[in-house]
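> As numbered in the numbering used here, residues 1 to 330 make up the sequence shown, in order.
One thing to keep in mind: the hints can contain errors.
[Claimed, not checked] Below are the BS3-like pairs computed for lysine-lysine, each with C-alpha atoms no more than 25 Å apart in a straight line:
1. K14 - K25
2. K203 - K25
3. K101 - K25
4. K27 - K101
5. K14 - K27
6. K14 - K203
7. K299 - K27
Keep in mind the hints are simulated off the structure, nothing from the lab. Predicted model only: the values in this text are computed from it and were never measured.
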Amino acid sequence: MVGIAVLGAGRIGKIHAASVAANPKAKLIAVADPFPEAVEPLAQSLGTEAMNDCMEAIARPDVDAVVIGTPTDTHVGFLLKAVELGKAVLCEKPIDLDMAKSESAAAEIERVGGRVMLAFNRRFDSTFAEMRRAIDAGRIGDVRQVIISSRDPGLAPPSYIKTSGGIFRDMTIHDLDMARWMLGEEPVLVSAVGARLIDPTLKQYEDYDTAMVLLQTESGRQAHINNCREAVYGYDQRVEVLGATGMLTHDNLRPTTMRVTTAETTDAREPLLNFFLERYAQAYRSEMDAFIDALADDKPMPTTVRDGVLALRLAECAVESVRTGRAVAV
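From just these sequences and the hints, can you work out the full model?
Here's what the structure looks like:
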């Protein structure tokens, strides 16, 4: 049994804690969060201990691994402490909003051989994972283009936007990791545009609500990512991979596949799943299972701290590209 402490009792902490509690190879030792009103009900619902000091939770001798779901500016401190104590870590993205700080933390983790997995949960979506297996099996030949549409159903509140690091570091970073994964080659050139078509006040945060990114690898493979913070029809998540001998597509998910045809409408369907908590529920469970399996069976981490660094570097290039109006070499 792998003893795990979950740090953070917010919405992502709740997901991770429930996934740990449901895994037969793990024991949820504690959930830690400085806010008692958040952590105590969560711990009670899962039959585990509530703690208010995350560092104390990391240091417990019965904790083999920690899951970091706390605010981004706390990630590096908890990461390095856990690695120093020989604990494995599953950490939410990004490592940090600062590139140099992220690079330094990753270098230290790699230097000491720390076991750290970055939480890019979309890789564990069953259909996205099947697409990667199909590419590896040569079912569509050499990859030529990857097209990713990722749009939220509505703007996050200003309190979140203010500390998010901006659309490229917060939202697009998932798609940048997905593009790297599907392309099978590292991008070397990034072009991006950003606009404030929904909320002009985002200018005060140097942020955007609508963006497009174009990536190119050394061999010429391309990825196109389009993001928007508001899609009135729901949480829009689609991927298309074009290869030399075929194409793979992944469309949006709905509560059911039922279609209704009447005198007034043809092929009417239910709205898209509302947001990432519903859309990626299976992916979050599978991500945690993969982390625990790697620990229990002494296997390599399915994603690494280096994946986090590379995705953040692409996000930084996108920010620079918008600022300068030019393509940026990675």
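> Sort out whether K25 lies within 25 Å of K101, counting only the CA atoms.
violated (34 Å)
> Does K27 sit within 25 Å of K14, going by the straight-line distance between their CA atoms?
Holds. K14 to K27 sits at ~15 Å (cutoff 25 Å).
> Regarding the pair K14 and K25, is the alpha-carbon distance no greater than 25 Å?
This hinted pair holds, its Cα atoms lying about 19 Å apart.
> K203 and K25 were given as a pair; does the straight-line alpha-carbon distance stay at or below 25 Å?
Roughly 47 Å between the alpha carbons, so the hint for K203 and K25 is violated.
> Taken at face value, is the distance from the CA of K27 to the CA of K299 at most 25 Å?
holds (19 Å)
> Between the alpha carbons of K27 and K101, is the straight-line distance 25 Å or under?
The given pair, whose Cα atoms are some 32 Å apart, is violated under the 25 Å limit.
> For a C-alpha distance cap of 25 Å, please report whether K14 and K203 respect it.
Roughly 32 Å separates the two Cα atoms, so the pair is violated.
Comparing the model with each earlier hint shows violations of hints 2, 3, 4, 6; every other hint is respected.
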